[in-house]
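Chemist: Sequence:
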Amino acid sequence: MCVFTFQGQIELFAKHTGFMWEIAEEFKAKIVFAEHRYYGTSMPFGKKSLDKEHIGYLSSAQALADYADLINFLQGNVVKPRYPVVAFGGSYGGMLAAYFRIKYPHVVVGAIAASAPIHMYPGMAPCGVFNRLVTSSFKTVDINCSNNIRQSWAVIRNYTATAAGQEVLSKSLNLCSPVKNATDLDKLMEFMQSMYSTLAMVNYPFASDFLTSLPAEPVRVVCQYLNETLAGEKLLKAIGKVVDIFSNYDKKNSCVNYKEGDDYGNLDAAGWDYQACTEMVMPMCSNGVNDMFEPQPWNFTTYSEECHKKYGVYPRPEMARLEYGGNRLQAASNIVFSNGLRDPWTGGGILDSLSDTVRAVVIVDAAHHLDLMPSNPSDPEPVKIARNIHKQHITRWINQFREQLMTTRKF
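As numbered in my numbering, residues 22 to 432 make up the sequence shown, in order.
If you're looking for bench data, these hints aren't it; they were derived computationally from the structure. Source: prediction; values computed, not measured. A couple of the hints might just be wrong.
To be verified - Below, computed lysine-lysine pairings styled on DSS-like, alpha-carbon distance capped at 27 Å:
hint : residue 1 : residue 2
1    : K405      : K49
2    : K101      : K160
3    : K160      : K49
4    : K101      : K201
5    : K73       : K101
6    : K73       : K192
7    : K101      : K69
8    : K73       : K201
9    : K160      : K51
10   : K280      : K262
11   : K69       : K262
12   : K330      : K68
13   : K201      : K160
14   : K68       : K51
15   : K73       : K405
16   : K412      : K201
17   : K192      : K101
18   : K192      : K68
19   : K273      : K49
Unchecked claim - Ranges of calculated distance between the beta carbons of each label pair, as one might list FRET restraints:
hint : residue 1 : residue 2 : range
20   : K49       : V99       : 51 to 57 Å
21   : N308      : A203      : 18 to 24 Å
22   : F227      : T416      : 15 to 21 Å
23   : N179      : A45       : 53 to 59 Å
24   : K73       : G97       : 28 to 34 Å
25   : Q425      : F54       : 47 to 53 Å
26   : A35       : T429      : 20 to 26 Å
27   : E43       : A185      : 54 to 60 Å
28   : P316      : V189      : 38 to 44 Å
29   : A237      : K273      : 16 to 22 Å
We treat Cβ as the ideally placed atom computed from N, Cα and C, and that holds for glycine.
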């Protein structure tokens, strides 16, 4: 049995996690996609689920307990289950897959944790590593590309200073509404930063609609408009072409509604935002020198107060580290951590094997959990190799389970 742990609408992940569908017949496996509480349609209190009174039941520990209860039910509520279960997940779902094996080793025989930023917590990874790696994706294509993006922030701010400038900005970026005040400007800047991060994350070698509809090699595609030194309105228009590819590649939108934000396309933002304010505290910062973003230091006090204002809670930055093993995961077993070097979340990933049974698989030229996606003719060879490694580990875990099952039957 294969159980998949993801956040967001479960149908999205069922569509885009083809690796498991492709190997299920070989392992004679049943596939179960378990939707995380408070995501998709799994709202325990209906429309009230995300209000302050009810959202407190949203946590990774509660979700893992849900999964364990579900598997117990599917196994027939027996003391000695007959079927081995392997957990899979990507991104936060990859973290959950690893945590599932750590917390419930009697329920799952192993976990494939793809693109899991399991070390992105305070004190475990530099706060600027994510933005540095995003920048690297663009800089690798063309240094002019990252330089132009770095210069664009000041240009955007300058054009919002006057009514005439606001009009030029709106036209250049095809905005649904002009940037009239500081709140609008903050929302636009957040949208833009999220756009570049998403482009780097889903920089796949084939066209995809995973988080949003994008062409193959989207970073390379957008950088073709930023491959020479630009300034002023010319730079704005070039950035506008980038925004158009990101927001309207499928030609379904007449303008860019930046006020709604991006929130990684199809994923549910509200639930994750609450978790980031409680247990999943992942410091982010930028300095505009080692990255292409505006300087933005990490300030836990400010972050904490913003969380309290929104949800009435204060973050517990040490919670996940203490709950799930921190930097001593060699105490666990039967976990594969896979990371693609194109993925900016790799900065919080495990890139070196920790023991004989907690293994790292580093994939050159792979973006965010590409190894879990359906096979594609454009897949680089390292991705194919990684998938075969996953299969080898799964085979070993299943064989171990069967050997143990035969041993226990003798008593």
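Chemist: Could you run down the list of hints and mark each one as holding or not?
Modeler: Do the hints match the structure? See the list:
At most 27 Å may separate the alpha-carbon atoms for a hinted pair to count; K405 and K49 meet this at roughly 21 Å. A C-alpha spacing of about 54 Å is found between K101 and K160, which places the hinted pair above 27 Å, so the restraint is violated. Between K160 and K49, the direct Cα distance comes to roughly 44 Å. Violation of the 27 Å bound is thereby established for this hinted pair. For the hint linking K101 to K201, the alpha-carbon distance of about 64 Å lies beyond 27 Å, and the restraint is violated.
Between K73 and K101 the CA atoms are separated by roughly 40 Å; this puts the pair beyond 27 Å, and the hint is violated. For the hint linking K73 to K192, the alpha-carbon distance of about 39 Å lies beyond 27 Å, and the restraint is violated. For the suggested pair K101 and K69, the alpha carbons sit about 39 Å apart, so the restraint of at most 27 Å is broken. In summary, the hint linking K73 to K201 is not supported, as the alpha carbons are separated by about 31 Å, beyond the 27 Å threshold.
The suggested pairing of K160 with K51 is violated, with an alpha-carbon distance near 43 Å, which exceeds 27 Å. A distance of roughly 19 Å separates the Cα atoms of K280 and K262; the hinted pair therefore holds under the 27 Å criterion. With a C-alpha separation of about 39 Å, the suggested pair K69 and K262 falls outside the 27 Å cut-off, and the hint is violated. Between K330 and K68 the CA atoms are separated by roughly 21 Å; this keeps the pair inside 27 Å, and the hint holds.
Taken as a hint, the K201 and K160 pair is broken in the structure, with Cα atoms around 32 Å apart against an allowance of 27 Å. Pair hint K68 plus K51 does not hold up; C-alpha atoms about 32 Å apart against a cutoff of 27 Å. About 45 Å separates the Cα atoms of K73 and K405, which puts this hinted pair outside 27 Å; it is violated. A distance of roughly 54 Å separates the Cα atoms of K412 and K201; the hinted pair therefore is violated under the 27 Å criterion.
Restraint check for K192 and K101: the C-alpha separation of about 65 Å exceeds 27 Å, so the hint is violated. At most 27 Å may separate the alpha-carbon atoms for a hinted pair to count; K192 and K68 exceed this at roughly 37 Å. As the CA atoms of K273 and K49 are separated by approximately 41 Å, the hinted pair breaks the 27 Å bound. About 19 Å separates the C-beta atoms of K49 and V99, a value inconsistent with the hinted range of 51 to 57 Å.
The hinted range of 18 to 24 Å is satisfied by N308 and A203, whose Cβ atoms lie roughly 22 Å apart. Distance hint check for F227 and T416: the Cβ-Cβ separation is about 28 Å, which falls outside the suggested range of 15 to 21 Å. Taken as a hint, the range 53 to 59 Å holds for the pair N179 and A45, whose Cβ atoms sit roughly 55 Å apart. The beta-carbon spacing between K73 and G97, approximately 39 Å, falls outside the hinted interval of 28 to 34 Å.
Separated by about 27 Å at the C-beta atoms, Q425 and F54 break the suggested range of 47 to 53 Å. Remark: the range hint 20 to 26 Å for A35 to T429 is contradicted by a beta-carbon distance near 34 Å. For the hinted restraint 54 to 60 Å between E43 and A185, the CB-CB distance of approximately 56 Å keeps it satisfied. A beta carbon spacing of about 25 Å between P316 and V189 contradicts the range 38 to 44 Å that was offered as a hint.
With their beta carbons about 19 Å apart, A237 and K273 fall inside the hinted range of 16 to 22 Å.
Violation of the numbered hints given earlier is confined to hints 2, 3, 4, 5, 6, 7, 8, 9, 11, 13, 14, 15, 16, 17, 18, 19, 20, 22, 24, 25, 26 and 28; the remaining hints are satisfied by the structure.
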